[in-house]
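Participant: As they're listed, the protein sequences go chains L and X. Going by numbering that gives the first Met the number 0, 117 is the number at position 118 of the first sequence; the sequence numbering is gapless. Going by numbering that gives the first Met the number 0, 362 is the number at position 363 of the second sequence; the sequence numbering is gapless.
Note that these hints are calculated values from the structure, not bench results. Zero decoy hints are in this set.
Calculated cross-link-like contacts (lysine-lysine; reagent style DSSO-like; alpha-carbon spacing at most 30 Å):
#	chain 1	residue 1	chain 2	residue 2
1	L	K35	X	K84
2	X	K85	L	K65
3	L	K202	L	K171
4	L	K110	L	K207
5	L	K35	X	K249
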Amino acid sequence: MQTIDLETSGLRDLNATLHAQAQETNQTNWEIINPKGSHAVAVGLDAPIEVNVKGSTGYYTGGMNKQATVHVHGSAGPGVAENMMSGSVIIEGDASQYAGATGNGGLLVIKGNASSRCGISMKGIDIVVHGNVGHMSAFMAQSGNMVVCGDAGDALGDSIYEARLFVRGSVKSLGADCIEKEMRPEHIEILRDLLEKGGCDAKPEEFKRYGSARRLYNFDVDNAGDY
Amino acid sequence: MKDEQSKYVSRTVPIQSATFTNPINAEIRRAADTGIYDIRGGGAKRRVPHFDDLLFLGASISRYALEGYREKCDTRVTLGTRFAKKPIELDIPVTIAGMSFGALSGPAKEALGRGASAAGTSTTTGDGGMTEEERGHSNKLVYQVLPSRYGMNPDDLRRCDAIEVVVGQGAKPGGGGMLLGQKISDRVASMRNLPQGIDQRSACRHPDWTGPDDLEIKILELREITGWEKPIYVKVGGTRPYYDTTLAIKAGADVVVLDGMQGGTAATQDVFIEHVGLPTLACIRPAVQALQDQGLHREVQLVVSGGIRTGADVAKALALGADAVAIGTAAMVAIGDNDPKWEAEYQKLGTTAGAYDDWHEGQDPAGITTQDPELMARFDPLEGGRRLRNYLKVLTLEAQTIARACGHNHLHNLEPEDLCALTMEAAAMARVPLAGTEWYPGKPGL
Numbered sequence: 000m001q002t003i004d005l006e007t008s009g010l011r012d013l014n015a016t017l018h019a020q021a022q023e024t025n026q027t028n029w030e031i032i033n034p035k036g037s038h039a040v041a042v043g044l045d046a047p048i049e050v051n052v053k054g055s056t057g058y059y060t061g062g063m064n065k066q067a068t069v070h071v072h073g074s075a076g077p078g079v080a081e082n083m084m085s086g087s088v089i090i091e092g093d094a095s096q097y098a099g100a101t102g103n104g105g106l107l108v109i110k111g112n113a114s115s116r117c118g119i120s121m122k123g124i125d126i127v128v129h130g131n132v133g134h135m136s137a138f139m140a141q142s143g144n145m146v147v148c149g150d151a152g153d154a155l156g157d158s159i160y161e162a163r164l165f166v167r168g169s170v171k172s173l174g175a176d177c178i179e180k181e182m183r184p185e186h187i188e189i190l191r192d193l194l195e196k197g198g199c200d201a202k203p204e205e206f207k208r209y210g211s212a213r214r215l216y217n218f219d220v221d222n223a224g225d226y
Numbered sequence: 000m001k002d003e004q005s006k007y008v009s010r011t012v013p014i015q016s017a018t019f020t021n022p023i024n025a026e027i028r029r030a031a032d033t034g035i036y037d038i039r040g041g042g043a044k045r046r047v048p049h050f051d052d053l054l055f056l057g058a059s060i061s062r063y064a065l066e067g068y069r070e071k072c073d074t075r076v077t078l079g080t081r082f083a084k085k086p087i088e089l090d091i092p093v094t095i096a097g098m099s100f101g102a103l104s105g106p107a108k109e110a111l112g113r114g115a116s117a118a119g120t121s122t123t124t125g126d127g128g129m130t131e132e133e134r135g136h137s138n139k140l141v142y143q144v145l146p147s148r149y150g151m152n153p154d155d156l157r158r159c160d161a162i163e164v165v166v167g168q169g170a171k172p173g174g175g176g177m178l179l180g181q182k183i184s185d186r187v188a189s190m191r192n193l194p195q196g197i198d199q200r201s202a203c204r205h206p207d208w209t210g211p212d213d214l215e216i217k218i219l220e221l222r223e224i225t226g227w228e229k230p231i232y233v234k235v236g237g238t239r240p241y242y243d244t245t246l247a248i249k250a251g252a253d254v255v256v257l258d259g260m261q262g263g264t265a266a267t268q269d270v271f272i273e274h275v276g277l278p279t280l281a282c283i284r285p286a287v288q289a290l291q292d293q294g295l296h297r298e299v300q301l302v303v304s305g306g307i308r309t310g311a312d313v314a315k316a317l318a319l320g321a322d323a324v325a326i327g328t329a330a331m332v333a334i335g336d337n338d339p340k341w342e343a344e345y346q347k348l349g350t351t352a353g354a355y356d357d358w359h360e361g362q363d364p365a366g367i368t369t370q371d372p373e374l375m376a377r378f379d380p381l382e383g384g385r386r387l388r389n390y391l392k393v394l395t396l397e398a399q400t401i402a403r404a405c406g407h408n409h410l411h412n413l414e415p416e417d418l419c420a421l422t423m424e425a426a427a428m429a430r431v432p433l434a435g436t437e438w439y440p441g442k443p444g445l
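Chain L on its own, in the form it takes in the complex:
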């Protein structure tokens, strides 16, 4: 286990050190102490390493991650796991706005609540939220899966494309072109797998699925009122 103290090392040293880990590194376990809300912690990683952040972080923790597992033992600020490609980011506490925004792949787990615009423009990432998500979550979500064990705020899935949204609790309102969809056996299997990966003990059968009605995929003036 390697430990980096952000108070003494500084952000640049931290990220440069983590970027220097090659594919075959034997230094696979890293601990970051004293993050104290720092922004851009452990961004742009591209190695199969595990990074444990002991405390809460600011913006963009684990941004554009590939391969690595970034585990925040606290809460995370806006844009956590932004544009993640693969690997995973786990937040023990809450996440602020636009968690997992534009993520292309990998798994984001938020054990607390996520604020507004969680999963905005998601493009293949899987997001598991143990608590609630705020308004405009999954706005323009293109692909991937979002699992919400609690409730969802207003305008869930507004202008959604092919992403799948699974919500156990209430949905305050659905956004444009987002509808409740049939939960078929294949969706139960996808959800069961995600719940297991996300460390949730919820039952897949308790969830409803939401997705695109696909009415707005090609611009039609008769649908102008829906946009």
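Here the structure of chain L is known, so what remains is to put chain X in place on it, guided by the hints.
Facilitator: Below, chain X without anything else, positioned relative to chain L:
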């Protein structure tokens, strides 16, 4: 005879309304037919105050000219000297603006890369990600981080030479684009992570930040991911150039890219293109003022785009304080867009060479703004690259000629005092004297 005279009634001459012109009436009829606004590419077509409204004051006695074909006039420019470890060094201060793969074909992107590299300058990706055609042929490639984040990934961030965070575009500041389904080939769909054949909307705002403070932190993230090596550009549409430039500087930009309303676009609403934003001419001085007020003029470089066509335009933009210019529409024309050799085919599409602007429909006879394999095959990227290289050289030679005549041995030594204005409007916008006077509207001390 008497009968004929009694039949004659004097009439007023038929007069076409200056308000309800034929093009306006045609648009009213089109709107009434379809119920939808016109979407097109190409940028603003209306006449607005432009660089043509300025003139250079060549040397006579009070200024000493340089010999046109003998004395050196340097053209080199370095972009990104503020924070980046690896600034971009260009041989000429004319760069290629961002144009997306998807809107443009792969061979067209290749031609842009070939031509720009041969002329010693850079190209810029666009809303659709980085293609091998462009990366493979551009010695210097600027990678755009756009609101849509189509094709965005850290590998390409590391493969580029500079990063351009696009906040706005001159043709549509505050607006997003629309790539119609017929242009969404398998490859385009795959790069954008969307199904084939659906309309692809480009968002009007970044999904993961909400204002200038967030932008500052976003830039920090991009720098951390790329080891602080690459210059970070921030591109804004020309609307509030003083404040937007000020905030871009505050957010940490190495380079501010300012795109005026004559800038092009692949697809947006005609009403937006023609009625939102400021003329390029009006954008430059407020942006330069912002840089000067921050004490960062020339340390944070300013790239100006939007309707640049000639070496005179280049020289005028530089004289007003820009460090470089970017060309988009002109580059497309140079490689073959709207070429009269395709006139018969343009007419089949209901238009004419020089006016074709339905770039979003994917039927471009020149094979440039299309993903149709048959149309794309018409376009030769080697020939396109050669033409672009020639055009860039001509722009540079023209600008050099003017600079020498004004007595300067570097294009960057051109200054507002080298200019006068032909109209009151241009004098006010460019803050240079009306021709034959020492006065411009709002000049301090008068």
